[in-house]
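Our numbering puts the sequence shown at residues 59 to 1017.
The set of hints was computed from the structure by calculation and includes no laboratory data.
It is possible that part of the hints are untrue.
27 Å max Cα-Cα, derived DSS-like pairs, lysine-lysine [unchecked claim]: (1) K786 x K697; (2) K850 x K944; (3) K972 x K984; (4) K552 x K1009; (5) K681 x K691; (6) K950 x K360; (7) K875 x K945; (8) K593 x K499; (9) K120 x K107; (10) K875 x K972; (11) K945 x K935; (12) K680 x K98; (13) K257 x K293; (14) K945 x K972; (15) K593 x K127; (16) K917 x K981; (17) K593 x K454; (18) K875 x K360; (19) K846 x K875; (20) K681 x K846; (21) K360 x K972; (22) K681 x K98; (23) K972 x K552; (24) K935 x K981; (25) K950 x K981; (26) K552 x K950; (27) K935 x K984; (28) K360 x K984; (29) K972 x K917; (30) K935 x K972; (31) K786 x K593; (32) K846 x K917; (33) K439 x K503; (34) K519 x K257; (35) K439 x K519; (36) K348 x K289; (37) K691 x K672; (38) K850 x K935; (39) K680 x K846.
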Amino acid sequence: MSHDLFVTRHIGPREGEIREMLETIGVSSIEELIEQTVPKNIRLKEPLKLQEGLTERRYFRKILSLAGKNKVFNTYIGMGYYDTITPAVILRNVLENPVWYTSYTPYQAEISQGRLEALLNFQTMVCELTAMEIANASLLDEATAAAEAMVMMYNLRSRQMAKAGVNVMLVDEKVWQQTLDVLVTRANPLGIELRIQPKDSFEFSEDVFGAIIQYPNSDGEITDYAELVQKAHEKDIKVAVATDLLSLALITPPGEWGADIVFGNSQRFGVPMGYGGPHAAFFTAREEFKRYMPGRIIGVTKDVHGNRALRMALQTREQHIKRERATSNICTAQALLATMAGFFGVYHGPEGIRIIANRVHNIAAFLADEIEKLGYHQLNKHFFDTIRFAMPRHVKREDIEWLSLELEMNFRYFENGDVGISIDETTNREDMTWILEVFAKAANKRWPVIHEYPKGFHIDKKFARQSDFMAQEVFNHYRAETEMVRYIKRLEHKDISLTQSMISLGSCTMKLNAATEMLPLSWIEFNGIHPFVPKNQARGYHEMMEELRRDLAEITGMEDVSLMPNSGAAGEYAGLMVIREYHQSRGEGQRNVVLIPESAHGTNPASAVMAGMKVVVVACDKKGNIDLEDVRKRAEEHKDTLAALMVTYPSTHGVFESSIVEMCGIIHDNGGQVYMDGANMNAQVGLTTPGIIGADVCHLNLHKTFAIPHGGGGPGVGPIAVAAHLVKFLPSHPIMNNGHVGINAVAAAPWGSASVLPITYGYIKMMGAEGLTKATQIAILNANYIAKALEKNFGVLYTGETGRVGHELILECRHLKASSGISEEDISKRLMDFGFHAPTLSFPVHGTLMIEPTESESKQEIDRFIEALNTIFDEIKEVENGSSDKKDNVLKNAPHTAHVVTSDNWEHHYSREKAAWPLPWIKENKFWVPVGRVDNAWGDRNLICTCGSPKEYELMNEE
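Could you build the full structure based on these sequences and the hints that come with them?
Below, the structure is given as structure tokens:
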């Protein structure tokens, strides 16, 4: 492989090191290791049919050419997507900064304090603007947030309502069209009846449990909903409100007129449109509903020393623990984008946000007046940023359309011929003149030239916000860029990311996110396009996405791919809904049983329930393999109602099961379909495919196998690939033709999180077939090398028939706890003192650590990780043999902060050096944890989910 290929940079071990690792494992070649790991009957007979890998320079030219085919017009379509100005200090120091985009979900709080604070800022900002009591740290998009609100209200029904089968939800027809479509998708399998109608027709009858309204509505009209909410509450009916976050700087927030849930999209807070995503949805509720809220909530707690600390509260891995009893399958948020939106709030503060909102409204109001003077009829009486015009008799909508396109502008066009304009933060004086020119020319009239920004327009008093917001210090301090960048860096230094050391999390594939792959994300040709513009303005996007779909289809052995699902969990759900629709099309709608192994990801059973299916658990044998005879038994037992088997391959236990083809055959023989969870595709690419194995549909975690970064907990992208017989059921979109005509939409945007797709596209193009295969081989090599190095001290829980693991392994820790009292959590916290993020803790087996090194880690880094764990093993043996105190030891007290180590008061039974620098090389790159071990229980007992809360100061002072 040529030295100038991207592959040699992506893969960590050098050829000489690979030979050393193979020798340690006890095999003569990579081929021999793969033969011992991957069953022969599922191996690819020939290489993947992909183009040869490109050099970084050749790829850069290719992606630059595609960017040039996208046309960036001034777009006033609105509909939930608005152009925005990302402050350069945020663009450069957050979006383009690998410390922020390569960090993992903050399950290990002590090494995540920076991103936790950034997300707490986001939650606080959202609570302040909506006037609600509690917010989560983001959801996937506005449409799926609406679906989560619907399900939450359904779960909040009183016992009497649930017993009586109350199942109707009222939805105002003036909710965004893409939101309505996703609601239809999600409601149907759960038995929820949607009544989509004008809000004035709402009847709060005994069969209704909830209502969803939009504020301002999809026409841009501001409506007083206070009376509607009051009437709903009189019947114990909950009300959820979709809202525009920027508008709430000027209009009365829903929390002040009684809303139960408020949700929306924070995109216009500095996050580019990106042809539809990713964007952080926000979701708030009254505090009494906190235990029903979906997603992740960041909360305040204390560390072991009594210092303030942050952590994920309440919902931590809820779906993994509750499985089919979970209230949501959400596993990926939009943390990176929520972080950007939160920093936007810090950067501008309440004053800056008011200025932006006022300017937006003033421009909209001025244009409304001026366009009416030209003979058009403005239909919105009360509005924030959106105006809607009916055409005069002598003006055709087509005239407006071609004139606007000639001036490189996009307006919104209603089915009845009306034209809509939504103003955003970027609209300037020149833009205003151009807009007026279009309407004037169409009406054959003169237009004014705008020389200054309009002032003096005000929201009607009855709708105007009277309350203050965002008075917390964090939103009122960082006005100078010097201070802002220092604040961002201060938070950055509190986190471990891939810039610090390897992140060995099993089933999460924290591989290299190469700089060349990431560059296009900042280009306006990719991030400045509205998802509903004419397709000929996004030719570069469509050329790229068509190639990407073909490549992913080849890699999976499937016929076609939908790019719409915007997380792995959303991909699971979409795949199951496709299977459901397939069965119904054949007159077999009774097929609703899903077989799920007890080793499966926790999102699997949660997704199945969301898709209206019944979960039947399949047993695993003592070696962690799915019990083939139990599969046969369950499949035959439910042969008339069997919908699918959900299987992860290689298994969640990190093993290639040799019976997989026979297993899939059993399902097909009994009328079911096979859904493959693609979480472990990093062990398949180039060696086998879901298609060869026998799957009918699989989802792909592009943020795992295909190099999109995790971003502190999102973005995630979860496309689904399907066999030929399922193509016609792939999700469609109500506004844009996305190439599919199947089930209703599963996400707001036609092509999901489109702006991050260039990362995966670049990864595949630069790796090529040979490079992708090599990456899989090295991922398996690195995992087996670690397994060999640690098996003597710890033990590896599951291996295949030849004693090999796949691309990940489960480290046994239960025997150590039994002999020494040291738990897997203690090991995880002690790893922080060595500068490492912990492996996956107690999943999928309690009392264990799951490790996945990925192909990107060098032998030197892997050796450091191995040395760290073996040193920790020696420390455990010291506790076991009595040379270290059972309670006061480096493991139970880990992690050690700089404050603790440098304190004048040192009363431990071990030295400061052992605490902080247990190995010599740590001194070269010491990561100091900002807090000691956090107290999760205190935080859940005293739930505080905003910064600067009086409750926080009161409770901390009490302590």
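Checked hints:
1. Of the supplied pair hints, the one linking K786 and K697 holds, its CA atoms being roughly 25 Å apart against a limit of 27 Å.
2. With a CA separation close to 23 Å, the supplied pair K850 and K944 stays within the 27 Å bound.
3. At roughly 13 Å between alpha-carbon atoms, K972 and K984 fall within 27 Å of each other, so this suggested pair holds.
4. A C-alpha spacing of about 25 Å is found between K552 and K1009, which places the hinted pair at or below 27 Å, so the restraint holds.
5. Taking the CA atoms of K681 and K691, the gap is about 19 Å. The hint holds against a cut of 27 Å.
6. Straight-line distance between C-alpha atoms of K950 and K360 comes to about 17 Å, which keeps the hinted pair within the 27 Å bound.
7. Proximity of K875 to K945 is assessed by CA-CA distance (about 13 Å); at most 27 Å being required, the pair is judged to hold.
8. Using a Cα cut-off of 27 Å, the hinted pair K593 and K499 holds, with the two alpha carbons roughly 26 Å apart.
9. At most 27 Å may separate the alpha-carbon atoms for a hinted pair to count; K120 and K107 meet this at roughly 19 Å.
10. Among the hinted pairs, K875 with K972 is consistent with the structure: their alpha-carbon atoms are about 21 Å apart, no more than 27 Å.
11. With a CA separation close to 14 Å, the supplied pair K945 and K935 stays within the 27 Å bound.
12. Restraint check: the Cα-Cα separation between K680 and K98 comes to about 23 Å, which is no more than 27 Å; the hinted pair holds.
13. For a cut-off of 27 Å, the pair hint linking K257 to K293 stands: about 16 Å separates their Cα positions.
14. Pair hint K945 plus K972 holds up; C-alpha atoms about 16 Å apart against a cutoff of 27 Å.
15. Among the hinted pairs, K593 with K127 is consistent with the structure: their alpha-carbon atoms are about 11 Å apart, no more than 27 Å.
16. In summary, the hint linking K917 to K981 is supported, as the alpha carbons are separated by about 20 Å, within the 27 Å threshold.
17. The straight-line distance between the Cα atoms of K593 and K454 is roughly 23 Å, inside the 27 Å bound, and the hint therefore holds.
18. Pair hint K875 plus K360 holds up; C-alpha atoms about 26 Å apart against a cutoff of 27 Å.
19. Between K846 and K875 the CA atoms are separated by roughly 22 Å; this keeps the pair inside 27 Å, and the hint holds.
20. Straight-line distance between C-alpha atoms of K681 and K846 comes to about 18 Å, which keeps the hinted pair within the 27 Å bound.
21. For the proposed pair K360 and K972, the alpha carbon gap of about 25 Å is at most 27 Å, so the pair holds.
22. For the given pair, K681 sits about 20 Å from K98 by alpha-carbon distance, which is consistent with the 27 Å threshold.
23. Distance restraint check for K972 and K552: the Cα-Cα separation of roughly 22 Å lies within the 27 Å cut-off, and the hinted pair is therefore satisfied.
24. Restraint check for K935 and K981: satisfied, since their Cα atoms lie roughly 24 Å apart, inside the 27 Å limit.
25. Between the alpha carbons of K950 and K981 the distance comes to roughly 22 Å, so the proposed pair stays at or under 27 Å and holds.
26. Annotation: proposed proximity of K552 to K950 holds, straight-line Cα distance about 21 Å (limit 27 Å).
27. A C-alpha spacing of about 25 Å is found between K935 and K984, which places the hinted pair at or below 27 Å, so the restraint holds.
28. For the hint linking K360 to K984, the alpha-carbon distance of about 24 Å falls within 27 Å, and the restraint holds.
29. In summary, the hint linking K972 to K917 is supported, as the alpha carbons are separated by about 25 Å, within the 27 Å threshold.
30. Only pairs whose Cα atoms come within 27 Å are accepted, and K935 paired with K972 is accepted, the gap being roughly 15 Å.
31. Our distance criterion of 27 Å between C-alpha atoms is met by K786 and K593, whose separation comes to about 22 Å.
32. Taken as a hint, the K846 and K917 pair is honoured in the structure, with Cα atoms around 14 Å apart against an allowance of 27 Å.
33. Of the supplied pair hints, the one linking K439 and K503 holds, its CA atoms being roughly 25 Å apart against a limit of 27 Å.
34. The hinted pair formed by K519 and K257 meets the criterion: a straight-line CA distance of about 23 Å does not exceed 27 Å.
35. Between the alpha carbons of K439 and K519 the distance comes to roughly 13 Å, so the proposed pair stays at or under 27 Å and holds.
36. Simply put, K348 and K289 have alpha-carbon atoms about 23 Å apart, close enough for the 27 Å limit, and the pair holds.
37. Distance check on the hinted pair: K691 and K672 sit about 17 Å apart at the alpha-carbon level, within 27 Å; holds.
38. In summary, the hint linking K850 to K935 is supported, as the alpha carbons are separated by about 14 Å, within the 27 Å threshold.
39. A hinted pair counts as satisfied when its Cα atoms are at most 27 Å apart, and K680 with K846 qualifies at roughly 21 Å.
The structure meets every hint from the earlier list without exception.
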